[in-house]
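Residue numbers (our numbering), protein chains in the order written: chain A, 1 to 334; chain B, 1 to 298.
Hint data in this document are derived by calculation from the structure and do not stem from the laboratory.
You may find that some hints are simply not true.
[Stated by the list, open to error] Some residues of chain A that are not near chain B, with every Cβ distance over 10 Å (derived):
#, residue
1, F74
2, Q80
3, V109
4, I118
[Unchecked claim] Simulated pairs of lysine to any residue, SDA-like, Cα-Cα distance not exceeding 20 Å:
#, chain 1, residue 1, chain 2, residue 2
5, A, K132, B, K28
6, A, K97, A, P278
7, B, K150, A, P83
8, A, K133, B, L20
[Unchecked claim] Ranges of calculated distance between the beta carbons of each label pair, as one might list FRET restraints:
#, chain 1, residue 1, chain 2, residue 2, range
9, B, G122, A, I6, 40 to 48 Å
10, B, A30, A, L67, 50 to 58 Å
11, A, E192, B, I44, 23 to 31 Å
12, B, N82, A, I6, 15 to 23 Å
13, A, A22, B, L41, 45 to 53 Å
Just so you know, even glycine gets a beta-carbon here, dropped at the ideal spot from N, CA and C.
Each chain is listed here by its residues.
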Amino acid sequence: MVGDPIGDYLPTFIRFLLLAVAVVGISIGVHYVLRNVFHVRREVAIGYSLITPWILGFLVFNLTPMLATLVLSFTDYNLQQSPNLVGIKNYDTLINKDVNFWPSIRLTVLYSIISVPISVFFSLMLALLLSKKLRFIGVYRVLYYLPSIVPAVAVVLLWRWIFNPDVGLLNTALSPVFNLIGQTPPDWFGDENWVLPAFIIMSLWTALGNNTVILLGSRKSVATDLYEAASIDGANTFTKFFRITVPMMTPAIFFLVVVEFASAMQLFTPAAFARATPAAGRFMNLLIFSYGFEQSRMGYATALAVILFVLILAATIVLFRSQTRWVYYEGQEK
Amino acid sequence: MSTTVTRPTDSPKRIPWSPLRVGQIVSKAATYLLVSALGVLFLIPLFWLVSSSLKEGNHIFDQPVQWFPAVPQWNNYPDAWNALPFTRFLFNTLFVTLVPLVAEVFVSALVAYGFARFAFPGRNFLFMVMISTMFLPDAVKLIPTFLIWKQFDLINHYDPLVLGSLLGGTPLFIFLMRQFFSSVPKEIEEAAIIDGANVFQTFTRVMLPLIRPALLSVSIIGFQGHWNDFLSPLIYLNSQSKYTLTVGMYFFTGGVNERPHWEWLMAMSTLMVLPILILFIFFQRYFIEGLTSGGVKG
Chain A
1 MVGDPIGDYL
11 PTFIRFLLLA
21 VAVVGISIGV
31 HYVLRNVFHV
41 RREVAIGYSL
51 ITPWILGFLV
61 FNLTPMLATL
71 VLSFTDYNLQ
81 QSPNLVGIKN
91 YDTLINKDVN
101 FWPSIRLTVL
111 YSIISVPISV
121 FFSLMLALLL
131 SKKLRFIGVY
141 RVLYYLPSIV
151 PAVAVVLLWR
161 WIFNPDVGLL
171 NTALSPVFNL
181 IGQTPPDWFG
191 DENWVLPAFI
201 IMSLWTALGN
211 NTVILLGSRK
221 SVATDLYEAA
231 SIDGANTFTK
241 FFRITVPMMT
251 PAIFFLVVVE
261 FASAMQLFTP
271 AAFARATPAA
281 GRFMNLLIFS
291 YGFEQSRMGY
301 ATALAVILFV
311 LILAATIVLF
321 RSQTRWVYYE
331 GQEK
Chain B
1 MSTTVTRPTD
11 SPKRIPWSPL
21 RVGQIVSKAA
31 TYLLVSALGV
41 LFLIPLFWLV
51 SSSLKEGNHI
61 FDQPVQWFPA
71 VPQWNNYPDA
81 WNALPFTRFL
91 FNTLFVTLVP
101 LVAEVFVSAL
111 VAYGFARFAF
121 PGRNFLFMVM
131 ISTMFLPDAV
141 KLIPTFLIWK
151 QFDLINHYDP
161 LVLGSLLGGT
171 PLFIFLMRQF
181 FSSVPKEIEE
191 AAIIDGANVF
201 QTFTRVMLPL
211 IRPALLSVSI
221 IGFQGHWNDF
231 LSPLIYLNSQ
241 SKYTLTVGMY
251 FFTGGVNERP
261 HWEWLMAMST
271 LMVLPILILF
281 IFFQRYFIEG
291 LTSGGVKG
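Please model the complete structure; the sequences and the hints are all you need to start from.
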């Protein structure tokens, strides 16, 4: 085999084991200290010691990097020299001078705002369809889930072919329609006006399966006695759907919208492979990667990351605020 | 509507061709037609993937589309496999998939157990913090995390892809497993403790087996995530021999002096889908059960 696999794996594996021992040690240490120094109850000590790995991970991989990002975004760090504070220069350059910035924000935000509701809506319809008593339900579940298990690299390539203006599946299928209205079919990834629709269609195909499976589960967990009670009260199918099914599913729908939105804003792999025309702007995560790792402008790239974070945070807060209006939680008075 | 025809005392099933029954059959048929049509729509691109993997490189984009290659190029598979050290890439991918997966699932289960079963001050607050990290963009953490590993001189080692799994667990996994643990009756644990089991024994011998569906679904999700991960190996690994399958495949998209080998890329993608497909087909029932029992509640 090429290289030295054992020589590559073994040191990492040893460090892995050492770290495992260390984490166990720290967890037990937490328990010991809480019991013997602070004299807390046994249950409390066990609780804290069980979640210790998460607390460690939170400090090392969440809190520290976040604070570091914030600090780095005010510097000119470039991996070679030690960072100098430059104040808000990075933000100023990004917002006022960088020609890539606004197109990137526009593309990323529009993509997220449009693709998420569409994909969640279709997933909901599909989940409701699949929740009927069907034979071969397993086959359909596998079929719909297929797109989400194909590696993103292959998916994007597939779509590059589907969207190919000359020989692609979509334009071949659409050409009679376009001939009819006397237009040429779109160039999709090659035309800045069609990049966004192309990405949205692509995302729909990928996300649908995943979301449908989650919504299907939520649909199945709606208690049947609710429907029975409603039937006795004389509710029809339509009423049952809008008064029981949809409200009971809103927590799952909400969960999906929040998660999907955050991940749509961070689209990376499809964006990296699609080779869409740069005229339409580049997705923010791709731009961060390009500034940070291709051009080694770490400080500048982190400023962009902070802006991305603020956008996602704002959207998440708005979504959580909107919860009281449309999300129904069991055991909670309306 | 149909009440004039159907006598109310009779169940509609007894009358073979009442309008109600015809209506039911039509709606059933329409449902099947719709779900099948959608299924085919979802299958087409995948079918193209497999069929392209068996075509000659310069015939993939032929017009009209050849759904079945005239002469299947089976040798695309060995050719692609040997064009780059894919045997090595496979072992690399298995290493950076399985090692973190085991750790991640086990640690997440421990943390979930702690959150589900032990009342400690600040539990709800910490749980909210944990959930909120789910919505934290990776992009924000990407560069400093890279710098942390660089500080330890572990770039171009597998450590950045493997060690993190021991710390923290994965919020989504913790969340799902906590739901499961919460639904286990307390008496079961109490019985174990009376039998003299300590917390760790109760956890591994009693609780873990009880949440098997959840363990299975998070394992499948985790496997898929590591197996298909592209960004992290791309950032952290520099020497070719250390690459994973996804990064190796990337080279088939063509370089400065090289034409793209789409047929090879398709062949490798097809191979990469197989393990996940098999996992999913075998475990799909538990997979869905594991994702949803206890409901996705905020």
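Subject >> Earlier hints that do not hold, by number >> reply: As far as the earlier hints go, not one is violated by this structure.
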